[in-house]
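Student: Mind docking chain E on chain U? Use the hints.
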Amino acid sequence: MKRRDFLKKAILTPAALAALSVGCGKTTGRSGKRLIVLGVDGMDPSLVESFMERGLMPNTKRLMEMGGFSRLGTSNPPQSPVAWSNFITGAPPPVHGIFDFIHRDPATMAPFLSISEVSPPDSTLNIGKLRLPLSGGGVNLLRRGTPFWDTLLDKGVPVTMVKLPVDFPPPAENKHGLFLSGLGTPDVRGSQGSFTFFTDDPRSISDSTGGGVVIPVRDYGDGCYKCRVDGPANSLIEGNPTMSVEVKVWVDKDSRAVRIDMGDSSVVIGEKQWSPWMHFSFPALGPFSTVHAIGRFYLKEVTPKLKLYLSPINIDPENPALPISSPDWYSRDLAEDAGLFYTQGFPEDTKALSRGIFDDDDYLSQANIVLEERMSLFHSVLSNYKEGLLFFYFTSLDLNVHMFYRSMDPASPLYGTTDPRFSGVIADLYSRIDIAVGEAMELLDDRTEIILLSDHGFAPFRRSFNLNSFLAAEGFADISSPYDRNKDMFACLDWSKTGAYGLGLNGLYINQAGREKDGVVSLTDKRNLMENLKTSLESAVDPLTGEKPVKNLFILEDLYPGFEMPPWAPDMLVGYSHGYRASWETTLGSFPEGVITDNMDPWSGTHCISPDVCPGSLVTSMRNMPINPTLTDMGSLINAILTEEDGDQ
Amino acid sequence: MNTLFDLLLKPFQSHPPLWGLLWISALSGLMMILVFKKTSNQQAISALRRKMGSRALGMLLFLESPSTVLKLAFGLIIDNFIYLWHLLKPMLIITIPFIVIAAQLDARYSREPLDAGNPSTATVYWESLIPSGEMGTPEQGFLISPVVTITDSLEQSFSFVGDEGLFVFDGIGIRLGSRGPSGSIVVRGAEKSGIIQALLRPWNGSVKEGVLEVRSHIQEKHYIILGGRWGWFTVFLVFSSISAILGAVVFKVKV
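Line by line, the protein sequences are chains U and E.
For the first sequence, the tail end lands on 635 under this note's numbering, and the numbers increase by one without skipping.
For the second sequence, the tail end lands on 1610 under this note's numbering, and the numbers increase by one without skipping.
One thing to keep in mind: the hints can contain errors.
[Stated by the list, open to error] Simulated restraints, written as ranges between beta carbons of each label pair:
| no. | chain 1 | residue 1 | chain 2 | residue 2 | range |
| --- | --- | --- | --- | --- | --- |
| 1 | E | Leu1362 | U | Pro269 | 40 to 46 Å |
| 2 | E | Val1610 | U | Asp250 | 34 to 40 Å |
| 3 | U | Arg433 | E | Gln1368 | 41 to 47 Å |
| 4 | U | Ile223 | E | Leu1555 | 36 to 42 Å |
| 5 | E | Asn1357 | U | Pro269 | 34 to 40 Å |
| 6 | U | Ala219 | E | Gly1491 | 46 to 52 Å |
Think of the hints as simulated: they come from the structure by calculation, not from any bench.
The beta carbon of each residue, even a glycine, is placed where N, CA and C say it ideally should be.
With the rest of the complex left out, here is chain U (with noise of 0.2 Å):
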């Protein structure tokens, strides 16, 4: 029996009798009524009205009929942390705080991951190289705000989030909510999912892109590689060394496969195929503190050369070392019934396609584990759901779509030379993700209703814009060492001649007196600086397609006038028209040579534009759909069909 079962069935009389006593079987503040809602990130209302009408999507039309379907408005920028952090607290950014996959620390100029951040303890009790914590440290949620479910939960209606985005680490404790971390979870190495590729043919590899590590291995002779695999940082030892283990590979270039010993588990794979999940113990210290994890391995070739895919190393859901569950054994339920699933927030492994390391066979197959591991937790949270309110969270078609947009885009640069095969990928995608609706639909009644809604939708990116070389070129930035133009923030910049420059996928900064580390521009200036920015962004035009590559420069304190910005918002956010986004150079502070280029990364479709550009969707079973809904409008929405005095409304 599981534990969610036991305590269910523990406090099933007493529960029972004081609902008696009280003579109603109704806790006050209640509708009654039962929600799903399906969060399936990226989903694009043009291509469901187009998979609808080609049959691709039967269940989501009969929903859309029973109800109705209409774009949903997304946030500004149209990113996911952003948009999944409006539809928790109803607010825009300067509410919650987060405006962008990456921020900076101005005082620093230093950037950081918006969402979580890990901090190290506020004293430290030391024996020799031993660093025991006594105080402080942990893991803490970026995002503010109040969640919309804090009101049910006050009312007690039964909330369960599974796979919640931007909610890394999860909730306090509540007896009548099961959160799941989904989006911004990071693996155990703290990273947003680092490969691991062996391989005794690095050279093969390119560089350029990051997102995991190539270890070289060789044989000695006799066919045994041997491979060691890091783990996270040891906090607990001076100097924080990482810790690893080391795993035996056999290989056999007959049959051209492999077996790999770690510890006393084993298992064999062939050419092309993945290992099921193997269990990881990182010894932090000696037996008394051990890190458990979970990867998978894929064996992408064996002769001539050896390469050995290792996935991010995820936090082990039935033994988690960090918290991605509330309460913490909801995550061990899960794998339970359904089985050890990817934790990390961003599963698909889009940088080993970027890299080279994975082919588009290669990615299909690790996104299609992601899938069905993800179709298993619904199927088991869905067999579980009783009452309240049940989101499920989809990830895959936004990351999939992100790298095969490619494919379906005949102007896109790399569609000549994407194999014909992968045409349908998206539509198969769309298909599954109709499926999940069809199955949710079953539980459709007179009390029961279904959401169906994406944070955004999606567009082609064929051409790179790279922001800071455009700044530089217009005089807005000033580069006092050419050499270093491809380096990392901002390394080739005399800031003392730069009033602007760009960080993340849509932010744009003035070199602010006062604020930023090596600031210029006055406040009385700065005005006039983001005026002129914005005639001069919204008038470039690109030579080689006659396009305006920005179709709207917004100045954050016309976007939201009335609110107090924290010091790491953006001052502006670049609307990219359909078809261009910022070049991969531009998020981490680099001036490549060129303002447009064109885009030949399998990363080919975008939503980091104009949000005009790139709506949401929303399809829902009931007839009186909101007008012209939005992201914030979703939370009270789903708080009024499931709490009683809107509720009856």
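Tutor: Same frame as chain U, now just chain E:
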């Protein structure tokens, strides 16, 4: 021994495995406390415990006299050694059935059933020569990977899934898993064994000519009790201890 345990578990064959495990744990705890009673000097233990109690009381009464407290404390230490000496014989006697019972429970309750959802890996260690040619196909269950041959150490490994709890590969003389009722032995290896090996490793089957041994990695089984994931050994230790304590109270065993 296998037959004895099969007999003991017969009433639980149609119940979930945890029931049989709890039954054997409780029975073991009870039997061990009775063996302890029979094989220990109960009178001596009882007298010693009274003596130790009086020494502890004496220490509290004569706190103002350090030399008396020290003398009594020294006596208490000596009594502890004598107490351990009294425990030694019954403990040594109990260890033998404990090992046998633990081996039986490990064989029956430590592994998940072999089915399509639980891929496993097996390694065959050959005596002197790896047979040439294809291994063929299993009679029951499926290979899910190619066969990896490590010539230097005469090993062949492969991943497989069972079918209805069994994986049978007559070509190399492997018969892994179990098709029996709940609480049956799950075979997870094979070796040439005598009586002692059969007693200590009942999960081993027999090997065919030319094979030294077979080892498999079958997924470990856990039991959900009070929200926690318990291994079979923890279940056994906890519930046999509870049973032993209750037995000691009921049968007035001095421990």
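Student: With reference to the structure, classify each hint as holding or not holding.
Tutor: Comparing the hints with the structure gives:
1. Range check, Leu1362 (chain E) to Pro269 (chain U): Cβ separation about 43 Å, and the 40 to 46 Å hint holds.
2. The supplied range of 34 to 40 Å is met by Val1610 (chain E) and Asp250 (chain U), whose beta-carbon atoms lie about 36 Å from each other.
3. For the hinted restraint 41 to 47 Å between Arg433 (chain U) and Gln1368 (chain E), the CB-CB distance of approximately 44 Å keeps it satisfied.
4. At roughly 39 Å, the beta-carbon separation of Ile223 (chain U) and Leu1555 (chain E) lies within the given 36 to 42 Å, and the hint holds.
5. Take Asn1357 (chain E) and Pro269 (chain U): their Cβ atoms lie about 38 Å apart, and the range 34 to 40 Å holds.
6. The hinted window of 46 to 52 Å between Ala219 (chain U) and Gly1491 (chain E) holds, with their beta carbons roughly 49 Å apart.
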